[in-house]
Each structure stands twice: as C-alpha cells, then as structure tokens.
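Chemist: Residues per chain are reported as follows:
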Amino acid sequence: MGIQTIPATGGGLTVSDLIGAEKIELIEEYKSTSNVTSITFSNIPQTYSKLLLVANAITTANDNTNIRVRPNSDSTSGNYQFETDFEEQSTSGSHVFTTYNSGRSEFQLNTHNNNASGNIYSFRFEILNYTTTAAKLVNWTLHYTPIGFNRSREIAFGSYRSGSTTNAVTSLNLSTQASSAYITIPSAVNASLILFGVK
Amino acid sequence: MKPQIAEIDCSTGETVIREMNDEEYAQHLIDVAAWEAEQAEKALENASE
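In order, the protein sequence lines correspond to chains A and X.
The numbers in the first sequence follow our numbering, run straight up by one, and end at 199.
The numbers in the second sequence follow our numbering, run straight up by one, and end at 49.
Hint data in this document are derived by calculation from the structure and do not stem from the laboratory.
All figures in this text were calculated on a predicted structure; none of them were measured in a lab.
Incorrect hints may appear among the rest.
To be verified - Below, in silico cross-link-like pairs of lysine to aspartate or glutamate (EDC-like), each with a Cα-Cα straight-line distance of 20 Å or less:
| # | chain 1 | residue 1 | chain 2 | residue 2 |
| --- | --- | --- | --- | --- |
| 1 | A | Lys23 | A | Glu126 |
| 2 | A | Lys199 | A | Glu87 |
| 3 | X | Lys2 | X | Glu24 |
| 4 | A | Lys50 | A | Glu126 |
| 5 | A | Lys31 | X | Glu7 |
| 6 | A | Lys31 | X | Asp9 |
| 7 | A | Lys50 | A | Glu22 |
| 8 | A | Lys50 | A | Glu25 |
| 9 | A | Lys31 | X | Glu19 |
| 10 | A | Lys50 | X | Asp9 |
| 11 | X | Lys42 | A | Asp85 |
| 12 | A | Lys31 | X | Glu14 |
| 13 | A | Lys50 | A | Glu29 |
| 14 | A | Lys199 | A | Glu83 |
| 15 | A | Lys199 | A | Glu25 |
| 16 | X | Lys2 | X | Glu23 |
| 17 | X | Lys42 | A | Glu87 |
| 18 | X | Lys42 | A | Glu83 |
| 19 | X | Lys2 | X | Glu19 |
Please model the entire structure based on the sequences and the hints provided.
Modeler: Below you can see the structure in the form of structure tokens.
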C-alpha cells in the first residue's frame, strides 16, 4: 500500500483515527490551597463509558500512606480486591514488591515507602464500566516522591476488580489513610485533581 | 474540631469545603483505626524478621 499522503485540508487523518474513537471530556477540576482530609466528586454523570481521575497533589502524611479512592461512600469490607506492584528507589538501592488484597472497602493506591515530611504524588486512576451493575475493572499508576533529598521514590501500578459490590459509581471520594493527613492541591504550581469522562 | 473535607457536585459545578459531619467523622475514625492496626501488624512482622 505504501506511504499515504495526508492532504493539508479535508480528508486527512484526525486524532480519533490515530487513537480510536474515544472522546475525553472534562467533568470537574478541583483546585484549592485548603488543607482537606478528603475530596469527593458527587453526582457523577452516568453518560460515559469510563471515568478517568488524574491528580497532581501533596499529602502531609508521613508513613506508608496509601491513597484511597472509595466509590459511593460505601465502606463495606470486601467490596474490592486488587493486586499492586511497587518499585521503590532509595539510598539503599532499588526494591520491587507485590501485594494482593481481597478485603478492602475501597480502591487503595498502595505505596510502600516510609518517609517523613510529606509526599508529592501524581496518579492516573481509570474505572471501566462504572455505570453498569457489573463488577468494576480499574487500572491505575502512581508516582510518589517524598519531599526532601535522599528519600526513596516510588512508582506503583495495579489493577482491581470489584468483589462483592456491583453498584454503579455515582460518587468518588479521595483520601489518605493516615489519621490527620491532608491532601493539598496547590494552585501555585498548577496542581489539580481532575475527573474526566470517556465516551 | 473535626477535619475539613471538600465536596464537588458534578451536576452543578459547586465546590463546598466544610467540616465532616458526625456520620463522616465516625467513618473517618473507623478508617484511621483500621490503618493504625495494619501499621502495628506490619511493625510486628518487621520486628520478628
């Protein structure tokens, strides 16, 4: 078939041609300098095929602080099962870990590090078939960078399948697991927590 | 004083930052207790290794 010429106007390839027919739309973006322990998106529209939650934020938590995403404010134990892989780089070298958990009441973006002084993190969290009453499939990646030098950095990724719950997702709550930790979305550096819908 | 939380209503675009109500605070304490129990368990495992 050979190389095709793309006309300058009309009839050329579109982004949809290159990446598929998916269309990503902004649902809501949260920016604030306030220290809050949790952030909730409620009344999520049920008109998309999947949800994409993207964050660049800071937590003040110190130790082993997992980022937690809980749908529908449902804290029933055993709702979700998941597997997580970590790669941690510290002054003592590189370490790889894997965990499996079947008894959570939330999706848990695990981290393994144990650092003081807070952490900068970014993540991408995708829920497929969120409007259906079937088991939910989730994929996520997380990059965790403790504030300060000579502390371990971490990249984690994982996948989940909902266990005992099959409800459609109408709200998502983001928090940390530490007792008095804050999630801060500093607007000064254009950090944000954004919820997208994918058609 | 209870922790502050942010709530974004996707149907209106309105963001509210408020104190946790009693029910939310009770759940928060349950979550924190579970997390602290996990940390204590990990510490015991690490100590026995």
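Chemist: Which hint numbers doesn't this structure obey?
Modeler: 2 and 14
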